[in-house]
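Let the hints inform the model, and build the full structure from the sequences given.
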Amino acid sequence: MIVGRVSRPAAGVHARSSRTWRSGADVDVCPTWFVRSRLNFDIVSRMSRTLLVRLSAVVIALGCAWIAYTQAPPQQGKQQAKQPNNTISKVADDLYAIIGDGGNSTVYVTNEGVILVDDKFEYDGQDIIDKVKSVTNQPIKYVLNTHLHGDHTGSNERFLPIAEIIAHKNARDNMVKNKAPGVMRVVFTDETDIFLGGKEVRMKYYGRGHTNGDAVVYFPALRILASGDIGANNGPNVDYANGGSMKEWGATLDGVLKLDFDTVIPGHGPVSKRQYLSDYRDVATKLPATVISMMRDGKSKDDIAKVFMTNGGLWVNPNVVNKLDQIMAELKN
Amino acid sequence: MSRTLIVRLSATFLALGCAWVAYTQAPQGKQQAKQASNKLNKITDDLYEIEGDGGNVAVYITNEGVIVVDDKFEYDFNDIMAKIKSVTAQPVKYVLNTHHHGDHTGSNEHFLPTAEIISTANARKNMIDGKQPGAPRVVFTDETDVFLGGKQVQMRYFGRGHTNGDAMVYFPALRLLHTGDLVAGNSPLIDYGGGGSLKEWAATLDAAMKLDFDTMIPGHGPVGKKADMLTYRNNVEKLRTEVTGMIRQNKSRDEIAKVVEDKYGWAPTGLQFQRGFDGMLAELKR
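Chains as they are written, first to last, in numbering that gives the first Met the number 0: chain A, 0 to 332; chain B, 0 to 285.
Keep in mind that the hints were calculated from the coordinates and are not lab data. No experiment lies behind these values; they were computed from the predicted model shown. Don't be surprised by glycine CBs; every beta carbon is placed ideally from N, CA and C. Please note that the accuracy of each hint is not assured.
[To be verified] One side only, chain A facing chain B, incomplete, derived with CB under 7 Å:
#1 E163
#2 T188
#3 D301
Laid out in structure tokens, this is it:
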């Protein structure tokens, strides 16, 4: 189990020492103290020799574990150690949602390949492939990113050599700016459509919200929409560093709601009905207006924070309190 | 003996019958027999033009693959590939179609299994409506960019003109623009069946000229400068103004046709007349 957690050079050290104590032949790679202790084995009993070998092995293993632990960069190490935890569920005959880690993924199956919306974290890549394989033999041909964030683009690097990844132009610009891995080759500004196996997928940009590069993905034949995080159930998480806007969020959803759909797969949260996104829009429209009038009335930041936490029941997101200064700064203008 | 003869005669008739059916039913036969005749021109260190049959092709070389603009006729495919191989070992990864016509999309079928082909949504729709082979899988409405090997290519839709789905392809690092048939020859071919518009053409070119470029590869004809695009644009506008004036003066169809032939060089039996003349009169009457 330790081997799976260690960084690459440390794993090499561990493997080599394992071989050494098992075979007893690779003396040349043994530490000198180990060789010396072997020479004394002739005068000790067979039992204690075995014990010594075992003890040495344990010491080496612990040493390796310690090296592995201290050498792995803390952030990366933790993420790589994470086990994917996702479930795939059928939304239509040829469309599935993979829900669990990170953002929701959507899987659209055609007889010429699979179109995937969002690819979670890096450590979810293999699990996404396995989940897709559990419902079709078709390969993943297109990956559509709803926006730049790593919980939606984390497996891009894995898909880049085998699939066309497409995102909004601003999403790519943000990834380049943030030095994110798995930057796509193809971008669009207003609309792009994918036609595969006689089926159509439409990717549209309606304006700023969560970021300045949020795309929604529409499946016209199924009347299903993958909304990305402008419809995520964890509230108005405005990423100002990447061009997000509380002020424009509602108008962006007005545009989205012109599409003709019944079902929404949000960026986070359970598969929902159209009403969910329409309610979301109403709150996203009302909220900035409320905050603006509260600021005019000289209400405290705490009072304003309460509105975010309670309004419509949609915005139960503690993160918003951290963003409140930025939101208020935007709405002041 | 006579039985053998009957069998042989029947076989001969059958074969002749099949040949006749094949001959009369194969409209593509003539085209497939055609020999490709093209020339490769170096424009910059990493961009080449293939001129000759059909529309002009642009070849942009990167260290992760080649981006091709337009792919002529079906019978030009092998020649296009041979020309590209003569200057790079990189595979063709993207084919960008400026519009749906067969002299710009003819080799799509051959590229489709190994490259991503991209056009405007309208160009693809025109291909589907016309039952053309090799329709692209990826389309856009306003802008799409391809980033390959550290290089960028921008594909833009600026509005109607030659058809309702003409894209231009811009190479920012080279200050170069492939115009498709929005600039081609001396006078416009307005494909009304494909959604073209003389009325909107000049505005479409005005929008395109806001891009920052020096060199222009037209859809057909020699490589030019940005100033040549302005000349073409003014000629488009002149045609529109002159024909509109003649319609207002109640000039006859023949009178207008004569002016278009003499002053704008439309060949009496050419495509400009076939696809554009009646549509132009109808559009400018409105």
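Task: Status of the hint placing A/D301 at chain B (closest C-beta pair under 7 Å) - done: Violated, about 44 Å.
Open item on the list: Less than 7 Å between beta-carbons is the criterion; does A/T188 satisfy it with respect to chain B?
Closed with: At 4 Å from the nearest chain B Cβ, A/T188 passes the 7 Å test, so the hint holds.
- [ ] With a cut-off of 7 Å on the beta carbons, see whether A/E163 makes it to chain B.
- [x] holds, 6 Å
Taken one by one, the earlier hints fail for this structure only at number 3.
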